[in-house]
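These two chains come separately, so use the hints to put the complex back together.
Okay, here's what each chain looks like letter by letter:
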Amino acid sequence: MQQALLDYTLSLSDNALILGQRNAAWCGHGPILEQDIAITNITLDLIGQSRILYQYAAQLKGGDATEDSLAFLRSEREYKNCLLVERPNGDWAQTILRQFLFSCFQRELYTQLTQGKDSTLAAIATKSLKEVSYHCRWSREWVLRLGDGTAESHTRLVKALENLWPYTGELFKGADYELALGLDPAMLYTNWLSAVQSTLEEATVSLASLTSCFMQTGGKTGIHTEELGFILTDLQYMQRTYPSCDW
Amino acid sequence: MSSHNLEEQFQQKIDQDIKIEPKDWMPDAYRKTNTRQISQHAHSEVVGMLPEGNWISRAPSLKRKAILIAKIQDEGGHGLYLYAAAETLGQSREQMINDLHSGKAKYSSIFNYPALTWADMGAIGWLVDGAAIMNQVMLTRTSYGPYARAMVRICKEESFHQRQGFESLLVLSKGSEEQRALCQDAINRWWWPALMMFGPRDQESTNSDMSLKWRIKRKTNDELRQQFVDMIAEQIKVLGMTLPDPALQWNATRNHYDFGEINWDEFWQVVKGNGPCNKERLEARKKAWEKGAWVREAAQAYANKKNTGTKAA
Numbered sequence: 001m002q003q004a005l006l007d008y009t010l011s012l013s014d015n016a017l018i019l020g021q022r023n024a025a026w027c028g029h030g031p032i033l034e035q036d037i038a039i040t041n042i043t044l045d046l047i048g049q050s051r052i053l054y055q056y057a058a059q060l061k062g063g064d065a066t067e068d069s070l071a072f073l074r075s076e077r078e079y080k081n082c083l084l085v086e087r088p089n090g091d092w093a094q095t096i097l098r099q100f101l102f103s104c105f106q107r108e109l110y111t112q113l114t115q116g117k118d119s120t121l122a123a124i125a126t127k128s129l130k131e132v133s134y135h136c137r138w139s140r141e142w143v144l145r146l147g148d149g150t151a152e153s154h155t156r157l158v159k160a161l162e163n164l165w166p167y168t169g170e171l172f173k174g175a176d177y178e179l180a181l182g183l184d185p186a187m188l189y190t191n192w193l194s195a196v197q198s199t200l201e202e203a204t205v206s207l208a209s210l211t212s213c214f215m216q217t218g219g220k221t222g223i224h225t226e227e228l229g230f231i232l233t234d235l236q237y238m239q240r241t242y243p244s245c246d247w
Numbered sequence: 001m002s003s004h005n006l007e008e009q010f011q012q013k014i015d016q017d018i019k020i021e022p023k024d025w026m027p028d029a030y031r032k033t034n035t036r037q038i039s040q041h042a043h044s045e046v047v048g049m050l051p052e053g054n055w056i057s058r059a060p061s062l063k064r065k066a067i068l069i070a071k072i073q074d075e076g077g078h079g080l081y082l083y084a085a086a087e088t089l090g091q092s093r094e095q096m097i098n099d100l101h102s103g104k105a106k107y108s109s110i111f112n113y114p115a116l117t118w119a120d121m122g123a124i125g126w127l128v129d130g131a132a133i134m135n136q137v138m139l140t141r142t143s144y145g146p147y148a149r150a151m152v153r154i155c156k157e158e159s160f161h162q163r164q165g166f167e168s169l170l171v172l173s174k175g176s177e178e179q180r181a182l183c184q185d186a187i188n189r190w191w192w193p194a195l196m197m198f199g200p201r202d203q204e205s206t207n208s209d210m211s212l213k214w215r216i217k218r219k220t221n222d223e224l225r226q227q228f229v230d231m232i233a234e235q236i237k238v239l240g241m242t243l244p245d246p247a248l249q250w251n252a253t254r255n256h257y258d259f260g261e262i263n264w265d266e267f268w269q270v271v272k273g274n275g276p277c278n279k280e281r282l283e284a285r286k287k288a289w290e291k292g293a294w295v296r297e298a299a300q301a302y303a304n305k306k307n308t309g310t311k312a313a
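Chains A and B, in that order, are what the protein sequence lines are. The opening residue of the first sequence carries number 1 in this note's numbering; numbering runs sequentially from there. The opening residue of the second sequence carries number 1 in this note's numbering; numbering runs sequentially from there.
Chain B on its own, in the form it takes in the complex (with noise of 0.2 Å):
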């Protein structure tokens, strides 16, 4: 069958809301789209238990601390799944971390934000993992199958993570002046980076075209941003603190918030590596993998000596 057939068939199956599966035919560029995407969303994941997990620690309660530490770990999982869902495409998990390593794969420009107060872990729980759903609602019924099927099962935790971070925004907005002043502070600081998430302008995103045309997304970056912040304008409330923005004002005729411009020099330059946290977040995953290597090799010895011994034996 000629490569025309192919994908003509392809486009069909994807036109009919049919999965895409690791062993069908597939334009190479959707393959490169999705290994990027898919192991891009991993290293986010992993990168991500970072700014958190640095408040462990010093957790307030127990509790909290408890709930904490369950939701790193979750994302540790979310991680795992989709190195898996990437792995099915034909690069393996090792290559991917080298990638991140060297700078050649991204992660979400999020984490290279710093987590600076207990506050944070709630802003970062309602307004981060807010937008990631947005985000991943929309990729539960992307054409990858096994991408689509891992964010199934990541959507449902990720929005308990989400109710999590507002109750307990919701207790330091109900706590003395200091904790109302750590919640607005926190609000505050990730607000904008929170918009940003869902990436560039429309006019100026490079890879939405083709990502909606194999319906990889189903959304663009500019409807997915303004249904986050016609969630959060009303969240906020609930709060009793304010979103920085002096241009957030409801707009009858279009039916959304309308808010203002984001600063995308900033945008620009964390992309770019400048970001107040990139080179801390990148050193200590290069650090944790190479002060590791002496433990994967035992491990892979030991194996390999138990293999052989079965064999022997």
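Here chain A stands alone, though its shape is the one from the complex (with noise of 0.2 Å):
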């Protein structure tokens, strides 16, 4: 039990910390600076739930373990994250729309365990919905402009609709960590699908060509795609050149 609430805790960890890690490349290059500032913010909330979430990790796991090591010095194989978060930025329509469907999912996932049985974790999740209900209304703002803004836009959005949403279902297919918890994400697709479904109406935005498509999963249990490797390298690489400092 203790190993599945690490796994877990580490999962949410892990996709935090690589969403924020993808969104923070668009620091200094957003299209507006008002918006530059806006991603940056969520980018700055990302990387603060990360860290809480590998302390309670490290508090978990023991030993000389920290927020660092676990974030710095486990590879490719041992990240848990969703496959979703580590989809490359794109254009602008793309990273909305990947922060919107994961804000979205953040926000049932983060409600459930406001209610659920480990304290720290329920603590940490009333703390982080705030932030989370917010990027949930900035990048729903955006996908509605997108959608139903100038053709170009919609295009793009659709597309990146096309990209991203075979990587949702793995988002509800609990790994054997979260069903030992008892916290199987299936529970929470009905309302992430309303919420989704009801903005991309209105932002004139089908989903219907999507619903039989193919899932791609593997996150979760450390079958990343090639992607991951490449942000792990950047992200890992004062600590892998510089061991055992501090900074």
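Any given hint could turn out to be false.
Stated by the list, open to error - Straight-line C-alpha distance at most 27 Å; calculated BS3-like pairs for lysine-lysine:
hint: 1; chain 1: B; residue 1: K106; chain 2: B; residue 2: K237
hint: 2; chain 1: B; residue 1: K306; chain 2: A; residue 2: K159
hint: 3; chain 1: B; residue 1: K63; chain 2: A; residue 2: K127
hint: 4; chain 1: B; residue 1: K291; chain 2: B; residue 2: K106
hint: 5; chain 1: A; residue 1: K130; chain 2: B; residue 2: K63
hint: 6; chain 1: B; residue 1: K13; chain 2: B; residue 2: K23
hint: 7; chain 1: A; residue 1: K61; chain 2: A; residue 2: K159
hint: 8; chain 1: A; residue 1: K159; chain 2: B; residue 2: K13
hint: 9; chain 1: B; residue 1: K287; chain 2: A; residue 2: K159
hint: 10; chain 1: B; residue 1: K63; chain 2: A; residue 2: K61
hint: 11; chain 1: B; residue 1: K291; chain 2: A; residue 2: K159
hint: 12; chain 1: B; residue 1: K305; chain 2: B; residue 2: K104
hint: 13; chain 1: B; residue 1: K156; chain 2: B; residue 2: K237
hint: 14; chain 1: B; residue 1: K237; chain 2: A; residue 2: K159
Treat the hints as calculated values from the structure; they're not laboratory data.
Okay, structure coming up:
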């Protein structure tokens, strides 16, 4: 049970860290200064969430584990983030939609955790929910603007949806450690789908052609896409190059 | 009222330290100088996000990553206040951005130097933000109201950044031999460019006289530079590192540190566009702007639809 809780906590922190790492690439390169600041703010929230979650995971793991050893010294096969968060930034449409799909999922997940048996995770979820509901609102507004903006933005959003949708199935497919804790993510699907669907409809984008698409899986159990290796190379460069230093 | 009288009244206000506000009469040259300076300052904040931004993905710990992101986000916020302050003088943000991209408007040359190692994040915070603060503290008392008020807020955040930069170098200075070497190397590379941030020597500074008369500036380039050298020459002792200037020496007669000659040829080359990263920085800004065009158009189109919808309903 302790192992399941550790794996589960790591999967939550890996999700936040990898998405934060991805979003951070927009810092200084956003389409307009206000939005550059907004996405950087979300990045900061995600890194903050990953930190408290890794700190808890380090406590569960014991020994000399720290937030940094967990983030910087685990390799590709040990990372448990879902594949969705490691998808490339692509254009603003892909980044926005990735954020929207994930934030809506995180909102359901954290809501579930606030009522969970583990009081630490419940407290972290409660604190993070405030941030996540802002991430949902912000990314939803952008989905609407892009879907119902210009012909070009609409086309780009549809393309992003086709790219990302195959990575959404995994979110709701319980890994062993989730099921062992009685936290089957399948329970979150209905609420998530209804939030996503209503926003997409409002954005004049249809999900119809995607409902039966093949879903990619593997991230939760450490079988990632080729992207993750590059993300970790960047992320872990300093700790791997200068081992055992304080920063 | 004749323009001569208006100008006299304007100067009286300045001399009495009464702030000039957007709707007040002001000489064209005052408006122009402030627009140039504030927009240049805004561009510097935004371009300044780039050298540090390139280290977010590689920050050595999660705490340092969070601090770095927060700092760069602050810089974006400073850019926003400053663009807003400049807009009160009648120029649109879009025009200012176009001027940056065409090369007509400048930004601080310091950001044309590369951030090569992690230690540069500390050195930039300590030396670059440190030099900027000298200027900015003076600007909290500048004569143009919106600029002075923006600077009050910016200064608070900047001095925090400077302390964070110093603290990050302090950790390196107490670390392994490799970390200490990174620290010294970053100081060596950023010291002279930081001194150049104060601009040309007073006798060669073309904009100085009027700026002092109008209290846009309240201290000369050389006065501020000296103040900075005096501060850093003391702080470096705490780090146990050295500044790369054999001429640096306390002068008891002057009650200041003497220091060596800046390489003015390098200074002017970087101003002219020949610094190590001038092209990359400007390209990065242009690329972000151009790649963002369809996003801004979509937001505008959507807003227009919503407005029309509201009116129809």
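Verification of the hints:
1. Note on K106 of chain B and K237 of chain B: the hinted pairing is violated, with a Cα-Cα distance of about 35 Å set against a maximum of 27 Å.
2. A C-alpha spacing of about 24 Å is found between K306 of chain B and K159 of chain A, which places the hinted pair at or below 27 Å, so the restraint holds.
3. Of the pairs offered as hints, the one joining K63 of chain B and K127 of chain A holds, with about 19 Å between alpha carbons and a cut-off of 27 Å not exceeded.
4. With a C-alpha separation of about 22 Å, the suggested pairing of K291 of chain B with K106 of chain B holds against the 27 Å cut-off.
5. In summary, the hint linking K130 of chain A to K63 of chain B is supported, as the alpha carbons are separated by about 21 Å, within the 27 Å threshold.
6. With a C-alpha separation of about 14 Å, the suggested pair K13 of chain B and K23 of chain B falls inside the 27 Å cut-off, and the hint holds.
7. Straight-line distance between C-alpha atoms of K61 of chain A and K159 of chain A comes to about 41 Å, which puts the hinted pair past the 27 Å bound.
8. Restraint check for K159 of chain A and K13 of chain B: not satisfied, since their Cα atoms lie roughly 59 Å apart, outside the 27 Å limit.
9. Between the alpha carbons of K287 of chain B and K159 of chain A the distance comes to roughly 22 Å, so the proposed pair stays at or under 27 Å and holds.
10. A hinted pair counts as satisfied when its Cα atoms are at most 27 Å apart, and K63 of chain B with K61 of chain A qualifies at roughly 20 Å.
11. Between K291 of chain B and K159 of chain A, the direct Cα distance comes to roughly 17 Å. Compliance with the 27 Å bound is thereby established for this hinted pair.
12. With a C-alpha separation of about 36 Å, the suggested pairing of K305 of chain B with K104 of chain B is violated against the 27 Å cut-off.
13. For a cut-off of 27 Å, the pair hint linking K156 of chain B to K237 of chain B stands: about 25 Å separates their Cα positions.
14. The straight-line distance between the Cα atoms of K237 of chain B and K159 of chain A is roughly 57 Å, outside the 27 Å bound, and the hint therefore fails.
Hint violations for this structure: numbers 1, 7, 8, 12 and 14, all remaining hints satisfied.
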